[in-house]
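Undergrad: Chains as they are written, first to last, in my numbering: chain E, 32 to 285; chain A, 461 to 727.
Take these hints with a grain of salt, some might be off.
Stated by the list, open to error - Restricting the straight-line Cα-Cα distance to at most 25 Å, the calculated cross-link-like pairs of lysine to any residue (SDA-like) are:
1. Lys541/A <-> Arg181/E
2. Lys545/A <-> Thr179/E
3. Lys545/A <-> Arg181/E
4. Lys541/A <-> Gly190/E
5. Lys541/A <-> Gly515/A
6. Lys719/A <-> Gly515/A
7. Lys541/A <-> Ala189/E
Calculated directly from the structure, the hints in this document are not laboratory data.
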Amino acid sequence: MRLVRSVVPPVVVGVVALLGWELTVRIGRIAPFVLPEPSAIWTELAHERANVWDAALTTGLNALIGLLAGALAAVLLAMVASRVPALAEVSVPFAAVLNCLPIIALAPILYNMFEATSNVPRRLVAAIIVFFPVFVNTLRGLREVNPTHRELMHSYAAGGWTFARLVRLPGALPFVFTGLRQASSLAVIAAVVAEYFGGLQDGLGARITSAAALTAYPRAWAYVVGACALGLVFYLTTLLLERISMPWRARQSA
Amino acid sequence: MSELASAPSGPAGAVSVQGVSKVFNAGRPDEVVALSDVDLTVERGQFVSLIGPSGCGKSTLLRLVGDLLPPSAGSITVSGKPAGKARRDQEYGIAFQQAGLFDWRTVRRNVALPLELRGTDRAARNARVDEMLALVGLSDFAGHYPAQLSGGMQQRVAIARALAVHPNLLLMDEPFGALDEMTRERLQGELLRICAAMGTSTVFVTHSISEAVFLSDRVVVMSPRPGRITTIVDVAFPERDETTRQSVLFFDAVTAVRKALREGVPA
Chain E
32 MRLVRSVVPP VVVGVVALLG WELTVRIGRI APFVLPEPSA IWTELAHERA NVWDAALTTG
92 LNALIGLLAG ALAAVLLAMV ASRVPALAEV SVPFAAVLNC LPIIALAPIL YNMFEATSNV
152 PRRLVAAIIV FFPVFVNTLR GLREVNPTHR ELMHSYAAGG WTFARLVRLP GALPFVFTGL
212 RQASSLAVIA AVVAEYFGGL QDGLGARITS AAALTAYPRA WAYVVGACAL GLVFYLTTLL
272 LERISMPWRA RQSA
Chain A
461 MSELASAPSG PAGAVSVQGV SKVFNAGRPD EVVALSDVDL TVERGQFVSL IGPSGCGKST
521 LLRLVGDLLP PSAGSITVSG KPAGKARRDQ EYGIAFQQAG LFDWRTVRRN VALPLELRGT
581 DRAARNARVD EMLALVGLSD FAGHYPAQLS GGMQQRVAIA RALAVHPNLL LMDEPFGALD
641 EMTRERLQGE LLRICAAMGT STVFVTHSIS EAVFLSDRVV VMSPRPGRIT TIVDVAFPER
701 DETTRQSVLF FDAVTAVRKA LREGVPA
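Pulled out of the complex, with its shape left as it was, chain A reads as follows:
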């Protein structure tokens, strides 16, 4: 159990991004400044969304935090560690727009994969997989193959896999982007419940304003050319459930984000 227990992350917060820039194809004619001088802090347990038009660098920022791309300048820490070490220590779980499940593994073995790679023994692994599948409501599907599941169920398996090592941080790149509206709203509710239950901090990339507002404590509004953060909208609801979506506070926050997005894009 002890090897699975998440290490205390210290006072540094879940994510700290300081003065980060990312330039693709530097020095070449097709040079692109994807991100320019970005600062961002995510406190422990916070849910932060990155929103903006295509090309604003929101997915790039997520990949920099996950050390899937190296920054051109600046520094990034995750749970108080440099991003590279945090990745190697599996400090975060990640989910993408494509569920990215392995067709040849059953649901159980898909969720178990990050644990296998950590060298967790079989008994602990099985216990953890059972726990995660119960959390996403798929206990009855442990023996199924991904192709036998609907898109929404596959995405729930991907979330269970991302959370299997009990990471401090969850990175999500438009995980519900390919789903229909009904499934999407149901999964949003489930995600909030799961993150609250596990105390996970989350960085969530989306291009849906209502999704960002419903899920987030803070909505980070970005704009392109060069990619940068223009505004951060703080969102506070007394509760987040289906009635929240109809509340005045919700619409106010949606309006605020929409306004920020419009201002960020020069006419």
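Just chain E, same shape as in the assembly:
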């Protein structure tokens, strides 16, 4: 029943919005070459599904590798920074600067740094984008230790590593996942957008630009739908992982 109540309203709103869109274009309020109607996009998506799928796999793999590398680096560096207070003070503004770095400025430079056939630049862009939210959230989680837990572990004469393993890391897990949830969709966006600026032309971003350049707008939109679905898959997978790795939260309200 709860599932029905949480699923039905957004579905209804979505269907109504799509119908409104379709009608607006059909009636001629917006020219189809400016905004194609959903049925045209759908037709194109069905026609191009094999290409969309291949492009989504390529972009998805880039986003996944970037996400994993960026998140791993962020968690490891946050662990180091949480143990060295001076480093933590320095690292937050540094990470903020990194976050302000526009990938627009970065992608063309990275493409020049690597071979034309290299996947590394796109993945690097995704990793850099992912780094910030994961690092900041993880660091906050690692530094927030319940004072009672601290005294308790001290009374057990637990060493630094034992303390990190048993208290700091599991305590930081909800924070890590807050960062990962943001990072998961960001990774896909980064992997798509990075392709706008050159490099290999086999992903969703490159297909969107080339379709748009040929004024094949329904096809461009079909790839946009693919990118949207890919982002959703990343986000939902992260949510699922969060559920699985923190069973104590899922059962809280039981």
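Since the structure of chain E is already known, use the hints to place chain A on it.
TA: Just chain A now, with coordinates in the frame of chain E:
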């Protein structure tokens, strides 16, 4: 089993505090003398409460006994050992006002934690956890997570955890302070039963006069600025149960403690 058996503590008693002072921020403008020249002995099996107004150093004294803070002067022994060695040997169990359970561990694994850190093997650990959970009446909740329990149940888990290594000494810092009156009185009764069953000595910090009197063999009355012991009220009841709370002896002891508290604070 042998590694879990509590070592004999010798004739020194459970706790001996001699000439202990504690100064925070020494030499700075915000210097605070938290404790000044405190002597206290807790005999084996005794239940001793520390009571006094905020700032009298009762929690500080408890932390000094547990070697969670170093004293500025004086010496402390627990089970005949220096406090630091006693801590490293897990000679005491401790419980705080916040239950301080680990959200990500089930009740069973929370209670098992001190045993894990001791390197107790799994079978012995499970047996001991079962024993402790039975003692606090939570056997049916071993697989639950702390967030699924009420505040009183969480505090019982914390007590089970504190006693899991069968320590000679139990240190408690206002463990029932955050609970409602009904739960509080029920847990007081349970705590007495558990301590009696295990022969544990207890140092119990509270700011409730009735709680101190009901639980304790001795009530140590402290006063602030600087923190010191003003009076020790010995309490002896033939029995401690719900009728004790209505007895004349109980009210006499409450009056004695209240009077001592009033005298300790300069008007």
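Undergrad: Does each hint fit the structure? Answer for all of them.
TA: Okay, the hints, checked on the actual structure:
no.	hint	verdict
1	Lys541/A <-> Arg181/E	holds (23 Å)
2	Lys545/A <-> Thr179/E	holds (21 Å)
3	Lys545/A <-> Arg181/E	holds (19 Å)
4	Lys541/A <-> Gly190/E	holds (21 Å)
5	Lys541/A <-> Gly515/A	violated (28 Å)
6	Lys719/A <-> Gly515/A	holds (19 Å)
7	Lys541/A <-> Ala189/E	holds (19 Å)
Consistency with the previously given hints fails for number 5 only.
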